Amino acid sequence: MLRGDPARDGLIGRGLLTTLCVLTLGAGAGRAHADALDGVLEVRSAYVNIDHGVFLLHARVEYPQGPAIRKALRDGITLDFDLEVRIERERRLWFNANIVELTLHRQLSYHAVSDRYVVRDVRSGDQDTFATLDEALETLGKVDGWPILVEPQLDGGNYTISVRAGVRRGELPASLRALMFWTDDWARQSEWYTWSLPV
Amino acid sequence: MNPRGQRRVRLNAVALSVFWGITAIGAFLLLAKSTQNSGEFARLQWWIVVLNACAALVLTVLVARKLWRLVRDYRAHVPGSRLTARTVGIFGALVIAPLLIVYLSSLEFLNRGIDSWFTVEVKQGLNDAVVLSRAALDLRMREYSQRTQALARELAAGPPAAVQARLDGERRAGDALEIALFGARGRIVAASLENPLEALPAQPPQDLVRQIAQRLPYVSLEPQAGGRYLIRTAAPLDGSSASHDPRFVVAIYPVPAQLAALSEAVQGTYSQYGNLAAMREPLKYSFSLTLTLVLLLAMLAAIYGAIFSAQRLVRPVQDLIEGTRAVGKGDFATRLRLPSRDEMGFLVHSFNDMTKRLRRARAEAQSSQEAVERERERLAIILARLSTGVLAIDRHMTVRIANQAAGAILGTELAAATGRPLPELAAGNERLGQFVGALAVRFAAGREEWREQLDLDGTAGRRTLMCACTPLPGEDRDMGFVIVFDDITALLAAQRDAAWGEVARRLAHEIKNPLTPIQLSAERLRRRLLAGMSAQDAEILERGTRTIVQQVETMQQMVNAFSEYARAPEMQVTRFSLNQLVTEVADLYRSHSPRTRIRLELDPRLEGIEADRGRVRQILNNLVTNALEALEGVPQPALEIATALDSSGESEYASVTVCDNGPGFQRELLGRVFDPYVTSKPKGTGLGLAIVKKIVEEHGGRIDADNRPEGGARVRVVLPVTDSTRTAGARERRDQLRRERA
Chain A
260 MLRGDPARDG LIGRGLLTTL CVLTLGAGAG RAHADALDGV LEVRSAYVNI
310 DHGVFLLHAR VEYPQGPAIR KALRDGITLD FDLEVRIERE RRLWFNANIV
360 ELTLHRQLSY HAVSDRYVVR DVRSGDQDTF ATLDEALETL GKVDGWPILV
410 EPQLDGGNYT ISVRAGVRRG ELPASLRALM FWTDDWARQS EWYTWSLPV
Chain B
27 MNPRGQRRVR LNAVALSVFW GITAIGAFLL LAKSTQNSGE FARLQWWIVV
77 LNACAALVLT VLVARKLWRL VRDYRAHVPG SRLTARTVGI FGALVIAPLL
127 IVYLSSLEFL NRGIDSWFTV EVKQGLNDAV VLSRAALDLR MREYSQRTQA
177 LARELAAGPP AAVQARLDGE RRAGDALEIA LFGARGRIVA ASLENPLEAL
227 PAQPPQDLVR QIAQRLPYVS LEPQAGGRYL IRTAAPLDGS SASHDPRFVV
277 AIYPVPAQLA ALSEAVQGTY SQYGNLAAMR EPLKYSFSLT LTLVLLLAML
327 AAIYGAIFSA QRLVRPVQDL IEGTRAVGKG DFATRLRLPS RDEMGFLVHS
377 FNDMTKRLRR ARAEAQSSQE AVERERERLA IILARLSTGV LAIDRHMTVR
427 IANQAAGAIL GTELAAATGR PLPELAAGNE RLGQFVGALA VRFAAGREEW
477 REQLDLDGTA GRRTLMCACT PLPGEDRDMG FVIVFDDITA LLAAQRDAAW
527 GEVARRLAHE IKNPLTPIQL SAERLRRRLL AGMSAQDAEI LERGTRTIVQ
577 QVETMQQMVN AFSEYARAPE MQVTRFSLNQ LVTEVADLYR SHSPRTRIRL
627 ELDPRLEGIE ADRGRVRQIL NNLVTNALEA LEGVPQPALE IATALDSSGE
677 SEYASVTVCD NGPGFQRELL GRVFDPYVTS KPKGTGLGLA IVKKIVEEHG
727 GRIDADNRPE GGARVRVVLP VTDSTRTAGA RERRDQLRRE RA
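Taken in order, these protein sequences are the chains called A and B. In our numbering, each number is its position in the first sequence, counted from 1, plus 259. In our numbering, each number is its position in the second sequence, counted from 1, plus 26.
Heads up, a few of these hints could be off.
With a cut-off of at most 27 Å between alpha-carbon atoms, the simulated DSSO-like pairs for lysine-lysine come out as follows [as the list claims (entries may be wrong)]:
1. B:310 x B:149
2. B:149 x A:330
3. A:401 x A:330
4. A:330 x B:310
5. B:382 x B:355
These are calculated hints, taken from the structure and not from any lab test. As the structure is a prediction and not an experimental result, all values here were calculated from the model.
Take these sequences, add in the hints, and give me the full structure.
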């Protein structure tokens with residue numbers, strides 16, 4: 260009689276236990292890697308001013324810094340520092356209308372030959388070099404006079420502007436990025452920093 | 027499984043297939059689209075995750091549900107569950123073992139392959155290349171730094187008016203892009219630019235300012251967009267002295283294009299390798315995790331497929347087991363669905379054929395049983411209606427079958443005594459006890475088939491049975507006997523009555539006729555001879571003729587009595603009050619026999635009966651006379667006449683019971699008291715009760731006589747109240763008499 264057979268029940272129990280272990284290990288493995296971007300990542304302050312009908316964004320962002328980032332940069336990886344801005348027009352009965360969605364895309368890398376940190380604006384190609392990482396991050400954290408909107412784009416109503424900063428590993432081939440699907444701990448985003456647009 | 031259940035399973039399977047198809051195609055399309063650029067990937071990756079998670083979740087739930095049901099059925103010993111579990115185990119092992127092997131080897135191959143991409147030698151080579159590039163550039167940087175320091179010293183020593191010229195000269199001599207002299211707080215004192223369109227020299231960087239503030243020379247290599255390199259040098263004007271001249275000179279020199287290109291190539295390679303090397307562990311982890319998840323999904327799918335296939339294979343077997351159990355419980359209407367045209371289909375077809383034959387056989391058996399049952403019921407009805415007693419017993423005289431007539435004849439309830447031994451039933455029943463004794467004597471003598479007349483005596487009189495015993499046919503000797511018996515007491519009595527009637531008629535006819543001539547002849551002899559005879563002879567003649575005349579008169583009285591007995595006059599039926607008649611008769615005899623206490627107990631419900639009033643009076647006269655004669659010599663003679671109204675079904679009967687406290691009937695005469703010439707009295711003719719019985723039977727009634735337990739005789743006459751009942755009763759009696767005679 261198989262009912263109540265301890266050996267058979269034990270076998271089933273061990274099989275279930277193994278499956279559970281595999282699932283648990285798989286889920287826990289994502290946390291096994293230390294988060295390389297530990298630290299504060301937030302938009303400290305942001306505001307806009309209007310200069311001749313152009314809305315200029317000024318923001319102060321604190322990016323995480325630490326030995327892991329320094330070492331990774333010195334080992335040759337490139338980090339993307341993105342600052343996203345989104346302007347929406349509020350609607351009472353429906354979702355807000357998206358007026359503007361822009362990203363200030365910059366890259367930070369370590370130039371081994373010159374022993375300097377390079378900050379490059381991806382869109383314009385302009386770059387600055389810095390002797391220390393702190394200086395480079397300080398520069399990245401200061402955004403002044405970034406034109407984001409012109410007055411004709413506004414047609415009344417209430418507008419909200421949201422700013423969010425992000426850091427991620429750059430210079431990654433798309434095919435490899437697909438494989439990095441599970442474990443890309445080199446990607447973080449701050450909370451949205453939102454306020455009403457002074458119109 | 028019923029058709030509705032099968033339809034539901036098919037619908038579930040189709041729904042699951044559609045879901046899986048949509049999920050797989052959706053995930054594949056999303057993955058293909060996302061790998062084309064990283065932006066798409068970032069946007070679509072969670073959709074891919076959600077789709078795959080849904081699929082995996084659904085699969086996990088399905089497998090868990092199947093496994094749980096399998097374990098539950100296994101523990102509950104559901105038919106087919108063991109076979110299913112075994113098949114699932116074998117299928118699962120066959121699929122999972124290769125999957126695990128492929129999984130482990132793939133994991134090992136991937137880890138080793140990825141590790142081989144990032145060897146230590148490559149990393150070291152790149153570092154060496156970087157160091158080499160730096161060394162080449164450091165040479166230039168030192169040279170330019172020394173030039174700048176020399177220029178600073180010259181400017182510090184020279185007159186301020188010659189500063190611009192010196193800067194221009196130095197810029198041209200050293201191929202610098204620009205040389206500028208800065209004063210306190212970064213104020214530009216003088217500058218020489220290669221490009222005259224540029225109005226101002228570049229602002230010195232912060233690290234330069236910090237170093238100059240410490241009165242130290244500065245030199246840095248600054249990579250520029252487009253692969254160019256600049257060497258920026260700076261030096262305070264007072265050199266290493268600790269004076270307070272805040273001025274410093276800054277010069278920017280270009281790196282030769284060839285050297286810059288080589289350095290940029292080294293830097294590019296270094297950066298590219300760094301980016302890739304940083305992905306080594308994540309790549310390994312991602313590959314491992316992806317492979318593990320694929321393995322899990324494949325294992326789940328394999329287990330699900332194994333369970334599904336096993337259940338599909340086992341289902342006909344389960345149906346067969348359930349069908350067999352149903353047949354075992356007597357449900358022959360079970361028909362199984364043909365699963366296919368293979369061997370299993372043949373087996374199911376054979377099973378269906380078997381149940382069909384069984385159902386037909388059972389129907390035939392049931393039909394036969396019903397026929398037997400009908401025959402048995404018919405026989406029971408016939409037995410119940412028979413006036414002949416039928417009794418079947420086994421060799422231990424245990425009752426097997428008995429009809430109502432048997433019980434009525436033997437004076438006990440035998441129809442409900444099936445299974446009980448006759449001797450036990452005979453306790454307290456004298457008549458049945460004699461019957462059992464007679465049977466026992468014959469069985470003990472080894473007589474199994476006989477036909478005899480049995481006389482059974484009891485308090486109610488003697489009963490004569492015509493009894494026939496036959497062993498029951500059958501192979502088993504314990505089958506027993508069937509005993510058929512008739513109560514022929516009434517028949518015998520009727521025969522005696524008829525015989526006595528004939529005797530009486532003949533006596534009346536043959537004896538009465540000669541009596542008158544004898545009497546006349548005797549009287550003539552006396553008249554003719556008496557005158558001529560002597561006195562002595564005359565006296566002899568007188569005495570002789572007187573004796574002849576007296577005896578002839580006595581004989582005439584006797585013949586008249588016989589004539590009365592044999593006479594059957596036409597009935598004069600009228601309706602009269604029986605109670606009144608009884609009262610009249612009692613009053614008459616009270617005056618004749620004042621010694622005797624005559625007590626009446628009359629039923630007031632008895633209002634009137636339809637009968638021949640004169641003949642009923644004769645019944646009462648005869649009964650009272652008979653009782654009074656029996657009471658002669660009794661110290662305190664008492665006579666009781668009671669009437670009552672009895673109901674038997676729809677018919678009503680009037681009963682008259684005459685009791686006395688005399689000596690009662692002699693026991694040996696008790697069965698024949700109604701026969702003519704049966705009397706215990708010295709003076710009786712023996713025809714009184716015989717005439718009473720005859721009149722009663724002419725009225726369709728019945729009469730019986732017995733002795734009271736407290737002493738004395740008791741005669742009970744029962745007469746129908748209405749004439750229709752009387753005729754029906756008379757008809758029944760005549761029919762019964764005819765049957766008995768037959």
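Now the hints, each set against the structure:
1. In summary, the hint linking residue 310 of chain B to residue 149 of chain B is supported, as the alpha carbons are separated by about 19 Å, within the 27 Å threshold.
2. Distance restraint check for residue 149 of chain B and residue 330 of chain A: the Cα-Cα separation of roughly 15 Å lies within the 27 Å cut-off, and the hinted pair is therefore satisfied.
3. Annotation: proposed proximity of residue 401 of chain A to residue 330 of chain A holds, straight-line Cα distance about 23 Å (limit 27 Å).
4. The hinted pair formed by residue 330 of chain A and residue 310 of chain B meets the criterion: a straight-line CA distance of about 20 Å does not exceed 27 Å.
5. For the given pair, residue 382 of chain B sits about 15 Å from residue 355 of chain B by alpha-carbon distance, which is consistent with the 27 Å threshold.
When the structure is compared with the earlier hints, no violation turns up for any of them.
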